[in-house]
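Protein chains in written order, with full-length UniProt numbering: chain A, 1 to 191; chain B, 1 to 191.
Quick caveat, the hints were computed from the structure, so don't treat them as lab data.
Everything numeric in this text was worked out from a predicted model, so none of it was measured.
One or more hints might be untrue.
Put simply, identical chains are the same to the list, so a pair is met inside one copy or across any two.
Said to hold, decoys possible - Think about it this way: if two alpha-carbon atoms lie no more than 20 angstroms apart in a straight line, the pair counts; the simulated SDA-like pairs of lysine to any residue are: (1) Lys-134 with Ala-169; (2) Lys-75 with Tyr-170; (3) Lys-63 with Leu-123; (4) Lys-71 with Asp-93; (5) Lys-75 with His-172; (6) Lys-99 with Gln-59; (7) Lys-134 with Trp-105; (8) Lys-71 with Gln-107; (9) Lys-99 with Ser-136; (10) Lys-75 with Asn-171; (11) Lys-134 with Pro-16.
Number of protein chains: 2
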Amino acid sequence: MFKKRVPLYVALVHYPVLNRRGEIIASAVTNLDLHDLARASCTYDIPICYIVTPLKDQQILTKRLTDHWCKRIGKDLHPDRELALRRLRVVDDIPSVLKDIEGEWGQRPRIWATTARTDVESLSHGDARRYLEKDSGPVLLLLGTGWGLAPSVMREVDDILEAIQGKAAYNHLSVRCAAAILMDRLLSLDR
Amino acid sequence: MFKKRVPLYVALVHYPVLNRRGEIIASAVTNLDLHDLARASCTYDIPICYIVTPLKDQQILTKRLTDHWCKRIGKDLHPDRELALRRLRVVDDIPSVLKDIEGEWGQRPRIWATTARTDVESLSHGDARRYLEKDSGPVLLLLGTGWGLAPSVMREVDDILEAIQGKAAYNHLSVRCAAAILMDRLLSLDR
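Generate coordinates for the entire structure from the input sequences, incorporating the hints supplied.
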């Protein structure tokens, strides 16, 4: 499987997302999201993890944080972290992500959204895994920060992945942990 | 399975762990570790996630952080977070964890360690899952912060769980993401 490359891309979306009151906001970039998503992307060989934010100050902050590990003192102190963080790419919006992947593959990626909601029609993780194994072209997995992706995004995606169910009714995982579990379910070798 | 309760407990160990030079240290408690581990523990119905640190200032900090969400303003703003964070229990050391679980179950837990190393004899995640399903008594899963659990801990455990393999040789997941993936592999309903 995946003889050439893993066809799954990830985007951590900071706009448009919901806040706890259901309003559309641009959320702040969280330093540990960058590290955790980069490290998980590297572990599962996801080519690029896009950090989506239209806010220039947040873009500058993100570049400063990643440059610390990829270009400055962190690179020597901690070379493993550079390998991971160079998989991050900061972009303005979701259309920029689509254009970037289309430039690489010559085709628009299929778009999957994630949600913690269990009341929507969804693509099972097993079916999603089988789709990736068929090598049918690139797929972009959208992860929402804050209280999740805005409805305007959800309406435009090709599929919504089923919510992660643990053992209890509670499913309020952090986006970092949810991303790691999804990558493991969709891509790990030993399934 | 697990008609009565999930028999798996988790301990996030801050001492004794290794630093990048292989020296024994007490690592600092990380705020997002507390939130992510608590939320994942609640999702997978792990009864208690122990936060192990002998440092009194770190214990006080941890209690202050959790009290914010369990007793003060955070409780009203964000009731889901209280449900999760009240599963955390701060303790001095690993023997205190064993004593606590033994008090609950009347038997010492089996102890599993985690590692990112692939050159040690290990218990597969499938076998670990089947052990838990047999309901053979409590199990304590030790997660190391920093550069991992000290050799003195590793020598005393009953089993070392196999390292998480993604799709690449790189396996430097954060302890938050590794914990979430392990809980999912060992406990999720849909495997």
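Results of checking the hints against the structure:
{"no.": "1", "hint": "Lys-134 with Ala-169", "result": "neither (33 angstroms within a copy, 23 angstroms between copies)"}
{"no.": "2", "hint": "Lys-75 with Tyr-170", "result": "between (39 angstroms within a copy, 16 angstroms between copies)"}
{"no.": "3", "hint": "Lys-63 with Leu-123", "result": "neither (34 angstroms within a copy, 40 angstroms between copies)"}
{"no.": "4", "hint": "Lys-71 with Asp-93", "result": "neither (25 angstroms within a copy, 39 angstroms between copies)"}
{"no.": "5", "hint": "Lys-75 with His-172", "result": "between (34 angstroms within a copy, 15 angstroms between copies)"}
{"no.": "6", "hint": "Lys-99 with Gln-59", "result": "within (19 angstroms within a copy, 48 angstroms between copies)"}
{"no.": "7", "hint": "Lys-134 with Trp-105", "result": "within (16 angstroms within a copy, 48 angstroms between copies)"}
{"no.": "8", "hint": "Lys-71 with Gln-107", "result": "neither (32 angstroms within a copy, 52 angstroms between copies)"}
{"no.": "9", "hint": "Lys-99 with Ser-136", "result": "within (18 angstroms within a copy, 53 angstroms between copies)"}
{"no.": "10", "hint": "Lys-75 with Asn-171", "result": "between (36 angstroms within a copy, 18 angstroms between copies)"}
{"no.": "11", "hint": "Lys-134 with Pro-16", "result": "neither (31 angstroms within a copy, 46 angstroms between copies)"}
When held up to the earlier numbered hints, the structure conflicts with 1, 3, 4, 8 and 11 and fits the remainder.
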